[in-house]
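Start from the sequences and build out the full structure, keeping to the hints where you can.
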Amino acid sequence: MSREKYDPDSNVVTETVPQKKLKRPTLYKVLLHNDNYTTREFVVAVLKEVFHKSEADAVQIMLHIHYNGIGVAGVYTFEVAETKIRTVEAAARENGFPLRLSMEPEEG
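Numbering (my numbering), first residue to last: 1 to 108.
Just so you know, the hints here were simulated from the structure itself, not pulled from any lab data.
For every residue, glycine included, the Cβ atom is placed at its ideal position computed from N, Cα and C.
Careful, some of the hints might be misleading.
As the list claims (entries may be wrong) - Quick list of in silico lysine-lysine cross-link-like pairs, DSSO-like style, CA-CA up to 30 Å:
| id | residue 1 | residue 2 |
| --- | --- | --- |
| 1 | 48 | 84 |
| 2 | 23 | 84 |
| 3 | 48 | 29 |
| 4 | 23 | 53 |
| 5 | 53 | 29 |
| 6 | 84 | 29 |
| 7 | 84 | 53 |
As the list claims (entries may be wrong) - Label pairs and their calculated CB-CB ranges:
| id | residue 1 | residue 2 | range |
| --- | --- | --- | --- |
| 8 | 60 | 98 | 17 to 25 Å |
| 9 | 52 | 78 | 14 to 22 Å |
| 10 | 16 | 93 | 52 to 60 Å |
| 11 | 95 | 69 | 17 to 25 Å |
| 12 | 54 | 105 | 24 to 32 Å |
| 13 | 70 | 21 | 31 to 39 Å |
Here is the structure:
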């Protein structure tokens with residue numbers, strides 16, 4: 001639905017096109033899963049280096065994962081979440097750890 005407008009001074013007809021409303025991209029939670037082999041130190045290092053958490057936040061998240069079996073490392077767009085998961089899994093494999101990550105859409 002466009003509206004045409006005539007400007008008599010310039011003898012020009014202009015057309016106004018309504019702008020489409022953009023919706024925010026879906027965000028995804030990157031989840032770290034607890035296992036019996038990956039060291040706490042490695043998880044803290046990953047949280048600090050890949051997810052840019054402070055030392056205190058990284059330790060708190062690591063302990064949450066250790067005691068609850070799963071924890072949120074961060075919330076990102078799909079592509080960023082996917083890249084972070086691949087980065088961490090590659091680092092874990094290089095260091096001989098079976099660390100598992102997953103992602104799920106953030107509710108709300």
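For each hint, the structure was consulted:
Of the pairs offered as hints, the one joining residue 48 and residue 84 holds, with about 12 Å between alpha carbons and a cut-off of 30 Å not exceeded. Annotation: proposed proximity of residue 23 to residue 84 holds, straight-line Cα distance about 24 Å (limit 30 Å). A distance of roughly 17 Å separates the Cα atoms of residue 48 and residue 29; the hinted pair therefore holds under the 30 Å criterion. A threshold of 30 Å between alpha carbons decides the hint, and for residue 23 with residue 53 the separation of about 28 Å falls inside it, so the pair holds.
For the given pair, residue 53 sits about 15 Å from residue 29 by alpha-carbon distance, which is consistent with the 30 Å threshold. Taking the CA atoms of residue 84 and residue 29, the gap is about 11 Å. The hint holds against a cut of 30 Å. For a cut-off of 30 Å, the pair hint linking residue 84 to residue 53 stands: about 13 Å separates their Cα positions. The beta-carbon spacing between residue 60 and residue 98, approximately 23 Å, falls within the hinted interval of 17 to 25 Å.
A beta carbon spacing of about 19 Å between residue 52 and residue 78 agrees with the range 14 to 22 Å that was offered as a hint. The hinted window of 52 to 60 Å between residue 16 and residue 93 holds, with their beta carbons roughly 56 Å apart. Remark: the range hint 17 to 25 Å for residue 95 to residue 69 is upheld by a beta-carbon distance near 21 Å. Distance hint check for residue 54 and residue 105: the Cβ-Cβ separation is about 26 Å, which falls inside the suggested range of 24 to 32 Å.
At about 35 Å, the CB distance of residue 70 to residue 21 agrees with the hint of 31 to 39 Å.
Violated hints: none; the structure is consistent with every hint.
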